[in-house]
Structure formats: C-alpha cells, structure tokens
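So the protein sequences, as listed, match chains A and B. According to the numbering used here, the stretch in the first sequence is residues 35 to 339, in order. According to the numbering used here, the stretch in the second sequence is residues 2 to 161, in order.
Careful: at least some of the hints might be erroneous.
[Stated by the list, open to error] Here are the simulated DSS-like cross-link-like pairs (lysine-lysine), alpha carbons at most 30 Å apart as the crow flies: (1) B:Lys139 - B:Lys103; (2) A:Lys194 - A:Lys44; (3) B:Lys139 - A:Lys194; (4) A:Lys44 - B:Lys139.
Everything labelled a hint here was simulated from the structure, so no lab data went into it. All of these numbers come straight from a predicted model, not from anything done at the bench.
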Amino acid sequence: MRQDHLVTSKQLSRADVEAVLDRAAEIDADPGAVADRHAGSLLGLLFFEPSTRTKMSFEAAIKRLGGDTVDMGAVDASSVTKGESLADTVRVAAGYADALVLRHPRQGAATMAGEFVNVPLINAGDGAGHHPSQTLLDLYTIQENAGLDDLTIGIMGDLKYGRTVHSLSYALTNFEADQHFISPESLQLPREVVYDLHLEGATVREHEGYEAILPSLDVLYVTRIQRERFPDENEYQQVAGEYRIDADALEAAEDDLTVMHPLPRVDEIAPDVDDTDHAAYFEQAHNGVPVRMALLDMLLGDGDE
Amino acid sequence: MGMSENGDDASHQLRVSKIHNGTVIDHVRAGQALNVLAILGIDGGDGESVSVGMNVPSDRLARKDIVKVEGRELSQDEVDVLSLIAPDATINIVREYDVVEKHRVERPDAVSGVLSCPNSGCITTADEPVTSRFEVLKDGVRCGYCGTIVREGIADQIDT
Ligand SMILES: [Zn+2]
C-alpha cells in the first residue's frame with residue numbers, strides 16, 4: 035500500500051499529527067497564501083453513504099486550495115450491493131482524479147480500496163471503522179483550546195458504534211492524555227478498541243455517568259446516542275437522558291472546560307450551552323476546512339507549483 | 002537415523018496403526034482432531050487411510066488428539082493454518098515406517114486466503130476481488146481489513 039493513503043488514525047505518529055496541525059495553523063492564519071496552490075487539482079468524491087457535512091468540508095478545502103472536485107454523486111444503498119465492485123469503482127475514479135475521498139458502509143473498505151489505486155486516498159468513514167480526517171480536526175480543536183499533552187478528556191455517548199470516538203482515542207495515545215470513556219454499559223467501547231488502546235499503553239477508564247469525572251476534565255467530547263441502538267422508545271429516552279448536558283450540569287465543571295461534538299447533534303447538548311465559553315463545537319466544524327486543506331496540501335505535494 | 006516409534010509417546014495405548022508413508026500430527030489440543038482433518042480437506046472421500054486418536058493421555062497436554070494420514074505430507078500453508086488451532090502440535094513425517102522429520106508447528110505472523118472474516122460488515126465478505134488476510138496474535142487472529150479479532154472458533158472461519 036502507498037504510504038500516503040490516510041486510512042486510519044492508528045497509522046499516524048505524533049510527528050505526523052503535529053505536521054498536519056502545524057500546517058493547518060499556518061493555513062488558518064493566512065488562507066489567501068494557498069488560494070492557488072493546487073489550481074488544476076481534482077479531488078474525487080466517492081460517498082457510498084450520505085454525509086453532507088464531511089463532503090462539503092472536503093469540497094470547501096480543495097476549492098480554497100484552487101482545485102476542484104469530481105463527484106460520483108449519490109448512491110442509493112441497493113446499487114452498492116448490486117453494482118460494480120468497489121475495487122473497480124476506485125480504480126476508474128483514480129483515473130479521473132489526483133486524490134480520492136472515500137466513504138463506504140463496510141469496515142475495511144478504505145484499506146482494500148487503497149490496495150487498488152495509485153493516487154492518495156483518504157478514508158472519510160468505513161462503516162463502524164475509522165474516520166481519520168475527523169480525528170485530525172478534533173485534535174486541532176483540542177490543541178487550540180486545551181493543548182494535547184497533560185490533557186484529561188472525557189469521551190461520552192455511543193462509544194460502541196461511534197467511529198469518531200475510536201479514531202480519536204487511538205490518536206490520543208500519541209499524547210500525554212488521560213482518557214475517560216462515559217457510556218451506558220450496552221454502548222461501551224468495543225473490546226477490539228480496548229485491546230488496541232492497551233497495546234499502545236493507554237489506560238482505559240470506563241464510567242457509566244459523567245457527574246463524578248466532570249470536574250476534573252479539560253475536554254468533554256459528546257457524541258450522539260442513536261434511537262436505533264435501543265429496542266424501544268422508552269428505554270432509549272431513559273438511557274439517552276442520562277448523557278445529555280446543559281448549562282446547569284456544566285456548573286460543576288472547570289471554567290475552562292471545552293465541550294466538543296462532531297455534529298450533527300440532536301438534544302445531547304442543550305442549546306443553552308452554545309452561549310457558554312465551554313462550547314467549541316461550531317469552531318470544531320469550522321476547523322474541518324483548514325485541517326483538510328493541510329491534509330490535501332500534504333498529500334497532493336508540490337506538483338502544481 | 003530413524004526413530005522407531007511413530008513419533009508418539011503414548012502409542013502403546015493407542016490402537017491406531019503405524020503408517021508407511023505420510024504424516025503424524027501429534028499433540029493436537031483435545032477436541033480439535035476433526036478440525037485438523039477439515040483444514041486438510043480430508044473427508045475420506047479420496048480414499049486416504051486416516052486414523053484419529055481422541056482424548057489420548059499425554060505428557061505435555063493433559064489430553065491430546067492425534068491424527069495419522071497415510072500418503073500425505075503437509076504443505077507450509079496447511080501447517081500455518083494448523084498452527085492456529087493446534088499451536089502445540091508436532092508434525093512427524095514418516096517414510097518407510099520411520100519418522101524422518103519431526104518439528105513443532107510455528108505460528109506465522111499472518112495468514113492469507115485461508116480464513117474468512119466473521120464480521121458481516123467487513124469489506125472482505127462483500128463480493129470484492131480481495132483475499133482475506135489475518136494477523137496472528139498471541140491468543141487469536143485479527144482481520145487485516147476490519148480489525149475484528151477472532152479468539153474462539155477459529156476453525157469455523159476456515160475457508161473450505
Ligand atoms: Zn474483517
């Protein structure tokens with residue numbers, strides 16, 4: 035496999051992360067300086083699952099670098115199973131574009147796709163697997179607000195199916211980060227993920243409620259608990275209710291606690307948190323553009339200058 | 002040199018015949034003998050002469066299975082997969098009633114194309130031109146695509 039695919043956050047060393055975040059900070063400070071840097075470059079968008087946000091963010095990033103996109107368009111689920119193989123689709127797309135962004139419902143899809151193409155490929159989500167560009171923008175946001183070392187972070191919500199959570203927790207093992215995982219028992223981290231975190235020397239601390247740990251956190255990363263994870267509405271309402279935060283609940287936190295969320299949120303963060311100094315989730319969403327610009331700039335290289 | 006017995010410390014307790022030319026797989030974890038046959042694709046249909054001893058007392062394992070196959074020497078691929086379900090096994094190659102080679106199985110770092118992933122959401126279980134790949138861990142195997150770890154029931158994942 036090419037070394038310049040970005041498939042999982044596990045492949046990122048501390049130096050890799052720092053290189054992307056440094057470049058993102060440079061770009062964020064002066065976006066005009068790179069406005070034509072990749073004029074003529076085409077980014078291929080292969081989204082086998084809808085994701086307006088991630089897709090828009092990549093589109094904005096390549097266009098702000100002077101490039102453009104070629105988009106496979108919307109795919110409905112049935113044609114994914116009946117249509118041509120993913121291996122064929124990515125090989126064809128690699129002939130049209132200078133780099134590819136892939137989102138696919140199956141785990142390992144990006145790993146496999148990367149074996150078939152000779153342009154850089156970015157995994158933008160493979161089922162319950164990985165979403166490393168989200169991780170990089172999360173890390174950038176944490177760095178800007180709290181710093182990545184000497185960090186105490188609580189990650190809360192659906193930790194079982196939440197790929198952003200898995201990717202983030204792997205990447206944080208590169209830093210001096212104390213990670214706390216807060217979820218109902220049925221939505222704890224998959225054992226595979228715990229295995230990997232242990233392998234990286236991380237301590238996995240799991241909690242069923244946030245109250246006890248909240249006062250010691252620098253960052254609280256909230257994710258959505260989805261209705262479909264529960265057999266009935268009542269149980270969902272009851273469980274999900276225990277993982278909602280509002281301005282009142284945050285009274286117990288340090289003044290400089292940073293609250294993050296990959297968005298979209300439903301009601302797990304009350305709107306009254308938006309007006310507090312804790313809220314960093316809109317800034318986090320904005321950071322997707324400079325971070326993806328940095329990533330694309332590094333993957334596309336200097337070929338256009 | 003010629004070790005005279007068929008490579009078996011308990012053969013006197015075992016009413017299985019010595020073989021002429023072939024392989025004796027000894028020190029198979031008790032209960033895995035039939036899986037060993039499955040891996041080797043041996044169902045008796047090709048007329049091989051096969052003897053199986055199950056739950057035989059052993060020095061090294063409390064109980065072990067033993068498999069003797071006439072007229073068949075194992076390939077490296079077969080030994081690799083064997084090592085996943087019978088990590089303590091010894092392979093004895095027999096020619097003219099003598100053990101001419103005797104070695105422990107060694108667990109490879111990875112196996113390709115011999116196991117299928119139990120995760121139905123894994124890309125390798127879709128209709129894609131991809132060969133399964135598993136990293137061999139100390140206590141299981143892990144899909145090289147989706148990361149799923151299989152610890153128990155590895156034999157059930159063997160591609161047939
Ligand atoms: Zn798999």
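Keeping to a limit of 30 Å between CA atoms, is the pair of Lys44 of chain A and Lys139 of chain B held or broken? holds, 20 Å
Sort out whether Lys44 of chain A lies within 30 Å of Lys194 of chain A, counting only the CA atoms. Status holds; Cα separation ~17 Å.
Below or equal to 30 Å on CA atoms is what counts here, so check Lys139 of chain B against Lys103 of chain B. Roughly 24 Å between the alpha carbons, so the hint for Lys139 of chain B and Lys103 of chain B holds.
Against the 30 Å threshold, does the CA-CA distance of Lys139 of chain B and Lys194 of chain A hold or violate the hint? holds, 24 Å
The structure fails none of the hints (numbered hints given earlier).
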